[in-house]
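Using the hints, position chain G with the ligands against chain P.
For reference, the chains in residue letters:
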Amino acid sequence: MREPAFNVLWLQSGGCGGCSMSLLCADTSDFRGQLRQAGINLLWHPSLSLETGQDVQQLMADCLSGKTVLHALCLEGSVLRGPEGTGRFHLLAGTQEPMMTWVQRLSAVAKHVLAIGSCAAFGGITAGGSNPTDACGLQYEGDQAGGLLGSNWRSAAGLPVINIAGCPTHPGWVIETLAALAQEQGLQAEQLDGLNRPRFYSDKLVHHGCTRNEYYEYKASAEAPGDLGCMMENRGCKGTQAHADCNVRLWNGEGSCIRGGYACISCTEPGFEEPGHRFDQTPKVAGIPIGLPTDMHKAWFVALASLSKSATPKRVKLNATSSHIVVAPVIKKTRLS
Amino acid sequence: MTRLLVGPFNRVEGDLEVRLEVAGGQVSQAWVNATMYRGFEQILQGKHPLDALVYVPRICGICSVTQSVAAARALAAACGVTPPPNGVLLTNLMLACENAADHLTHFYLFFMPDFSREVYADRAWHTQALQRFSTHSGEHARQAVAARQRWLQIMGTLGGKWPHTQSIVPGGSTRGISSSERYRLGAHVAEMRGFLERVLYAAPLEEVVALDSEAALAQWCIREPLRGDLRLFLAIAQDLGLENLGRGPDLTLSYGAFAQPDGSYTMAPGVWDGQSLHAPNIAQITEDARHAWLADGGSALPPSVGLTLPTMDKPEAYTWNKAPRLAGQVLETGALARQLADGQPLIRALWQRSRGNVLTRVLARSLELAQLVLLTEHTLRSIEPEASSCVDSRVPDHADVYGLCEAARGSLGHWLSIRDGRIANYQIIAPTSWNFSPRDRSGTPGALEAALVGAPVAEGDTTPVAVQHIVRSFDPCMVCTVH
Ligand code: SF4
Ligand code: SF4
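Those protein sequences? They're chains P and G, same order as listed. In this text, residue positions in the first sequence follow the working numbering: the first is 1, and each later residue adds one. In this text, residue positions in the second sequence follow the working numbering: the first is 338, and each later residue adds one.
Okay, chain P solo, but in the shape it has when bound:
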């Protein structure tokens, strides 16, 4: 087999390490083998590499001097700019220098720069509340372009920062993006969406493939935590607006937030950390949810909802507010004669 040639350096800043822990859950019986097979050489990763201390500093120096070609810099976690623009909320251990500065320098020599997870992409949960550390993303601050590198920044390969958003991000999204970049044809600008997320996962909505779609059709809604019904009307679910394929490409074998019994909080979207309402409740005006499905006209939604509610089968209605199926579908003959 050919030697992996696509050098990836992975750094962590203002996040929780969860995207790395998620990465290790990639659907494969041979994690290292999968990377190798995709041509990816992990130069250094904080959790997976032997090198520590001085050795790592040498490795980064080699990337900066060009001795080692840095094909992709992955940053996990937001950039901490505070206090007062000094970056001292995160000094890279052993160097007495802000991680922010290291990321700027390394971005300048990297062929591609990837934001791993919503923190690195947009600021994410670390930018929540009063944003005490002045956290931002590599090229976005919430939904505003800018961030650490500025909106006009382009990598040596001519692309903006690739935002593999998600909290955490799905291992499949990361590995497939890296694998695409490692191929000769790379990744083209039109394969990224308006927020520079890879379209192969962000051209879908979480709502697609949701096991609660029948409840959704009839607006048969969950009321309490653990209920089986659709969580859009009462329990804060943003699956109809969140860009991700979570209900088609499942998590950890067979999960999704909704299948776990709680709302999609749209963790792949900028600003998800400050929705302006309780996460587990749907904000409404005059009884109608504010966040209506993407692409749907409000008047139609209201008309269809009231129509479908009046047509809700008893089975769907009862099950929606139960923790287990209490009424099974009727058995009907499915062939003529």
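FYI, nobody ran anything at the bench for these hints, they're computed from the structure. Where hints are given, some of them may not hold.
For the chain P half of the interface with chain G, some residues (derived, Cβ under 10 Å), not all of them [said to hold, decoys possible]:
1) Ala26
2) Gly77
3) Ala127
4) Thr133
5) Phe200
6) Leu292
Every residue gets a Cβ at the ideal spot worked out from N, C-alpha and C, and that includes glycine.
Chain G with the ligands in isolation, oriented as in the chain P frame:
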């Protein structure tokens, strides 16, 4: 005398720097620095209390379930709700799943790879260590990652996703379970048992948890030397004298693990001092910010009234971590502390001889991994499929509560104050906050700072390997520490 600054220190969770003073070929003083601050306690202020269930798992990607459980317990105390038995058992399953994954990750990916280093090339066991644990080609490390991935599918079913599941709520678990799913989960547990019995222990789990004395352990090792990675570790430990490395404080803490529906614990709580076990007095816990870049309230404060406010210009500060103390004393927490509190006879015997050190920490964790898988089997059998696992909860306008939990790496506490229906104060003391504590106002070093003293440092060595063994033996999580 020389000074060393070691960092970035990897294969720990989060960012860590260690400053060492070296004299006469060994560490004479150490300062432990957690170099990153995110401000979760500030972020949480003013939020709706139930929103904590979205924020707190994101304190840490390696033990997010534990953070959820601590928050859910604090909130349950505030709301006055008790989860139905199924809710308690499903929460325990998720906790056991995460803790076991952590122990496995720690052993294969974080701790053992150091024995594949060049400095050990002349040791008899080095070829084996390289074959099994090399970060690039280690055959057993590779299998462990695969086993971990399969095992965490349990979290996919029960928690929707891992990390950052939100199915753990004050009233129980938002995910019920059917009998067919129970069967499927059982199949995953059997896979993990298979991996451990084949690769880590080369013995049945029951045999491992029954090891009850040093003689029994010695017998067990001699019977099949080096077979299984635990025996290989024990051989390495003996060769390198890991029992004499990284002695901890003579006081350990466990809040008790796996609360049962009847209120008892599967692993008993307690503070162990080598002679006797006391119930931890939570009211005696304080945090001292003298050496942290954080506002120092003028004295060490109990977390219920704790402060977390960045204050950069403090000459004596060197970390973002505060110094937690129990009645003014330094203590160690983690699997070792849990086994001591629970009275595991082998670990108690080793403690009597050599106290907390690199060997006892890793061994306690390895035994606990077997216990956790057995606990998972047992819990699955106790669950009543199709029964309710959750009740709803209403948050009061005022409350002062706390929630405690055992993470893989030790005791975790969340202290919450609610005023006018909003979070007025939220303070977190994580396991590594205890273990990697800085000095307090009387100058007493934290557990690791003291444990590093005496570690050998070879001439010209910039990243001493003994220091690495000691640091990693605690299985630190720096993102939790500073939050
Ligand atoms: S709105 Fe949410 S719960 Fe309802 S069907 Fe869509 S994704 Fe599922
Ligand atoms: S379902 Fe929604 S909140 Fe959950 S991981 Fe997917 S995008 Fe994020």
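Structure-based check of all given hints:
1. Ala26: holds, 7 Å
2. Gly77: holds, 9 Å
3. Ala127: Hint holds; alanine 127 of chain P Cβ to chain G Cβ min 9 Å, cut 10 Å.
4. Thr133: Nearest chain G Cβ about 6 Å off; hint holds.
5. Phe200: Violated. Min distance 19 Å.
6. Leu292: Check failed: Cβ of leucine 292 of chain P comes no nearer than 22 Å to chain G, outside 10 Å.
The structure shown violates the earlier hints numbered 5, 6.
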